[in-house]
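Note that the protein sequences, when read in sequence, are chains A and B. Just so it is clear: in the first sequence, position 51 is 51 by the numbering used here, and no numbers are missing. Quick note: to get the numbering used here, add 1000 to the position in the second sequence (first position is 1).
Just so you know, the hints here were simulated from the structure itself, not pulled from any lab data. Among the hints, a few may not be true.
Here are the simulated BS3-like cross-link-like pairs (lysine-lysine), alpha carbons at most 30 Å apart as the crow flies [to be verified]: (1) Lys65(A) <-> Lys1010(B); (2) Lys1358(B) <-> Lys65(A); (3) Lys300(A) <-> Lys402(A); (4) Lys1250(B) <-> Lys251(A); (5) Lys251(A) <-> Lys1137(B); (6) Lys1299(B) <-> Lys147(A); (7) Lys1185(B) <-> Lys300(A); (8) Lys81(A) <-> Lys251(A); (9) Lys1338(B) <-> Lys65(A); (10) Lys1010(B) <-> Lys1400(B); (11) Lys1154(B) <-> Lys147(A); (12) Lys337(A) <-> Lys402(A); (13) Lys65(A) <-> Lys1408(B); (14) Lys1154(B) <-> Lys137(A); (15) Lys58(A) <-> Lys1358(B); (16) Lys20(A) <-> Lys1030(B); (17) Lys103(A) <-> Lys1010(B); (18) Lys1400(B) <-> Lys300(A); (19) Lys81(A) <-> Lys1299(B); (20) Lys1424(B) <-> Lys139(A); (21) Lys1342(B) <-> Lys1241(B); (22) Lys58(A) <-> Lys197(A); (23) Lys1012(B) <-> Lys365(A); (24) Lys315(A) <-> Lys4(A).
No experiment lies behind these values; they were computed from the predicted model shown.
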Amino acid sequence: MREKRTEIKKGIILHEIETKAFKTDLIAVFLTIPLTRDNVTKNTLVNLLLHRGTENLKTQEDINKALENLYGATFDYGIEKTGDNHVMKFYIENINDQFLPQKDSNFQKSFEILSDIIWNPYLEDGQFKQEYVNGEKQKLERIILSKIDNKTNYSISRCIEEMYQGEPYGLYKYGYLEDIQHYDSKELYQHYQEIMKQCKIDIFVSGNIEENIERIIKDNKNIKKLNEREPRYIPISNVNKKQRTELQEIKESMDVAQGKIIMGLDINDSEMSSKYIALVYNAILGGTANSKLFQEVREKESLAYSASSSYLKPKNNIFILCGIDCEDYDKTIQIIKKQIEDMKEGRFTQEDLDNAKHYILTTIKAISSEQDTEISYYFGQELSDQSLSLEEYRSKIERIKKDDVIQLAKRITINTIYFLQN
Amino acid sequence: MQIIENSKVKEKVLIEKLSNGLTVMIIPKKNTNKKSAIYGTKFGSIDNHFIHAIENKEVQIPDGVAHFLEHKMFEQEDGTNSLDTLSALGVEANAYTTNDHTAYLFNGTENFEDALQELMNYVQNPYFTDENVEKEKGIIGQEIRMYDDDPVSKIYLNLLNCLYQENPVKLDIAGTVESIEKINKGILYDSYNTFYSPSNMVLVICGDFDEQEILNKIKRAQKDNQNNEKIKRIYPTEKNKINQSRLEEKMNVSNPIFAIGIKDTPVSSTERIKRSLIIEILSILLLGNSSPLYQELYKQGNLVGEVNLEYDFSDEYAYITISGQAKDPDNIFDRLKKEISKMKQNGISQEDYERIKKKVYGSYIIEYNDPAEIVKTFLVDYLHGIHTFDFLEEFSTISKEDVENGLKEVFIEENMAISIIKPKD
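With the hints as constraints, model all of the structure from the sequences given.
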């Protein structure tokens, strides 16, 4: 196992990934809490506010200058919906010491900045600075409005919202316009403190670091101040899934040159092991250039440039995406449905299966060739309370037989067809 | 075989020019199981007028041929499609076309040699028929429609239309639904025979393998070259002046987005690295996220998020783009012009200069993290007549005065334009 997992305090996990493949060290801190309609917008505002300043680096300008002085270390942050959790993500990537023109300790300095951004924010009168709150509220407004800008992402978001109405996963990850003005600086700071007290904390460090990482993290003054916790988060599992009895069809009009079909499929199987079969199923259906969708919709019928599907593990769904001329809607839907039927009937070859498995096996092998991908993999394991090594993951895929895929295909139903049209 | 090592980033590259004229670059990389290959030709959307290499006649082709050709290269005479073949080998294959080059690539963790063989095979063996050319028009038509809905593509295209009067860099790389209608197999073969000659191409691979052995395999898979004539490209004469300084369009977007461009004069390949480093430093000093102007505009709520700073250059064009999302793009344009003239007057502080130089240096080290990025960078630089390691080496030759002179020479108000996309009412 490349990952060394240490609980540095109850509820706070350090994951060390030692690798010599990169010129950089990557530090990631993930804070996980259950996502609700009530906290979604607040969480995003807190996430945005933290990058504005720390007690030591009071402005964004100060932070950015400090990063530039570390040979262009880069800070990044964001918020994601993972299953029914909201995950705040913070990253710093810095050049590894051995590639600096002179000796330095970039990792330690980077972690200090990152931990200050998260746990030592700049405060005035015991709350977030008013100017920063106003600015980030405006920014969030624009982020939420910009949902329509990328038509593909917009369509996927809309399909998920329709599929998961009234459930946490159906929430828009950045929150809602109407909430923004409800929160003042004081309330946001209180919310911040609550998150920090209760959230699950995962710290990832990937790189070829000579210093004692665990020591540096444990000795950090911000980490020392953190309380032990019984973290509140929702482990990713397949149970408690609501089922739709009849297919829902949503059409939405916008001034677009190309129509987008998003079809959301349910996999009605609560076994954890079915997730591996679902990966193979998806690869055959629309995951690669050899897939049924790519071949039938694009190559044979010339209906689309994009025709693919992807599997979303946390909620066990497959989403099909096709960008088409609006008038080809019925024809395309028919072809897609035929592919889903063919999967149930086992109308795919052993070669299709082997290609799909091979494709997944190579993507698993490639996980460790990107630092953030490897971190995401181990975080996925962490949230599903598993500790599957990459080798074990591979062997689960290797064992899958054609009949496993057919049996799973029979439990797959179309939940929602969303169409963005002219 | 030429071996160049770089002590700063601790990497090396092996370069060999094969007897058929192809340049091969191998970057050995241990400690990673990912391997990447890219095979490219100096043929992009701007190359639409040239002298046919074999028939020695002048040819003018419809817009979008380089990109169309890229799509069609995958189809083989035996009915197979190389994208499927590569996919079945478990590698991720792709191809792309830019204004000045086309490249075919794959990344993977296994079957590297078989995949490399397939890559060289399909790029060297075109197979176009009336039928397969017709079929592709539907697919590319949908690709063009997809970009029609993409405000980011539109804003760049509009910007290039502001900056350039004649140069075909201003045309959409994929062409238009109308222009691709005129493409037929004869046009594709004419273009292929002219631009896909080995001396106009480069193959770059990166990963952990036996370098000599892989080089021998490459040599064996390369065809002899029938023509090694220098390609004669015909471009319109581009004036220094820009076409127009502002272009606004309305689209289905939430917030206004903008791209500010500064038209630069292409310089010879020996000067390109230094010029691009200087421009990079200057762009960050002016509107990078630690700059006073960025901070002011962000605090005012005018700018949302970071600003993208880019410098694009080739033999025929060179321009800077500064793009982002803003409430009032015209105000940003105005403020930037003022900041430029202020910086020209007051000069650059030593502290700012040193700090930004460190940042830029780091960004060139990071480029060596991922084999897929490494091969792409080496390919693009090679096609631009420069060597990738030289970015790290030329750093030490740059002075603050060079940067201040660059500001006066390149950041000229008359050469600036803004493209804006505003939400529909």
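Going down the list of hints, with the structure as the test:
About 27 Å separates the Cα atoms of Lys65(A) and Lys1010(B), which keeps this hinted pair within 30 Å; it holds. Restraint check for Lys1358(B) and Lys65(A): the C-alpha separation of about 11 Å stays at or below 30 Å, so the hint holds. Only pairs whose Cα atoms come within 30 Å are accepted, and Lys300(A) paired with Lys402(A) is accepted, the gap being roughly 25 Å. Taking the CA atoms of Lys1250(B) and Lys251(A), the gap is about 24 Å. The hint holds against a cut of 30 Å.
Restraint check for Lys251(A) and Lys1137(B): the C-alpha separation of about 27 Å stays at or below 30 Å, so the hint holds. A C-alpha spacing of about 23 Å is found between Lys1299(B) and Lys147(A), which places the hinted pair at or below 30 Å, so the restraint holds. Using a Cα cut-off of 30 Å, the hinted pair Lys1185(B) and Lys300(A) holds, with the two alpha carbons roughly 19 Å apart. A hinted pair counts as satisfied when its Cα atoms are at most 30 Å apart, and Lys81(A) with Lys251(A) qualifies at roughly 25 Å.
Between the alpha carbons of Lys1338(B) and Lys65(A) the distance comes to roughly 23 Å, so the proposed pair stays at or under 30 Å and holds. For the hint linking Lys1010(B) to Lys1400(B), the alpha-carbon distance of about 27 Å falls within 30 Å, and the restraint holds. As the CA atoms of Lys1154(B) and Lys147(A) are separated by approximately 18 Å, the hinted pair is consistent with the 30 Å bound. For the suggested pair Lys337(A) and Lys402(A), the alpha carbons sit about 20 Å apart, so the restraint of at most 30 Å is met.
At roughly 25 Å between alpha-carbon atoms, Lys65(A) and Lys1408(B) fall within 30 Å of each other, so this suggested pair holds. A threshold of 30 Å between alpha carbons decides the hint, and for Lys1154(B) with Lys137(A) the separation of about 29 Å falls inside it, so the pair holds. Distance hint between Lys58(A) and Lys1358(B) is fulfilled; the C-alpha atoms sit about 22 Å from each other, no more than 30 Å. For a cut-off of 30 Å, the pair hint linking Lys20(A) to Lys1030(B) stands: about 9 Å separates their Cα positions.
At roughly 16 Å between alpha-carbon atoms, Lys103(A) and Lys1010(B) fall within 30 Å of each other, so this suggested pair holds. For a cut-off of 30 Å, the pair hint linking Lys1400(B) to Lys300(A) is broken: about 59 Å separates their Cα positions. For the hint linking Lys81(A) to Lys1299(B), the alpha-carbon distance of about 28 Å falls within 30 Å, and the restraint holds. With a C-alpha separation of about 20 Å, the suggested pair Lys1424(B) and Lys139(A) falls inside the 30 Å cut-off, and the hint holds.
Between Lys1342(B) and Lys1241(B) the CA atoms are separated by roughly 23 Å; this keeps the pair inside 30 Å, and the hint holds. At roughly 23 Å between alpha-carbon atoms, Lys58(A) and Lys197(A) fall within 30 Å of each other, so this suggested pair holds. Between Lys1012(B) and Lys365(A), the direct Cα distance comes to roughly 25 Å. Compliance with the 30 Å bound is thereby established for this hinted pair. For the hint linking Lys315(A) to Lys4(A), the alpha-carbon distance of about 27 Å falls within 30 Å, and the restraint holds.
This entry does not satisfy hint 18, going by the numbered hints stated previously; all others are met.
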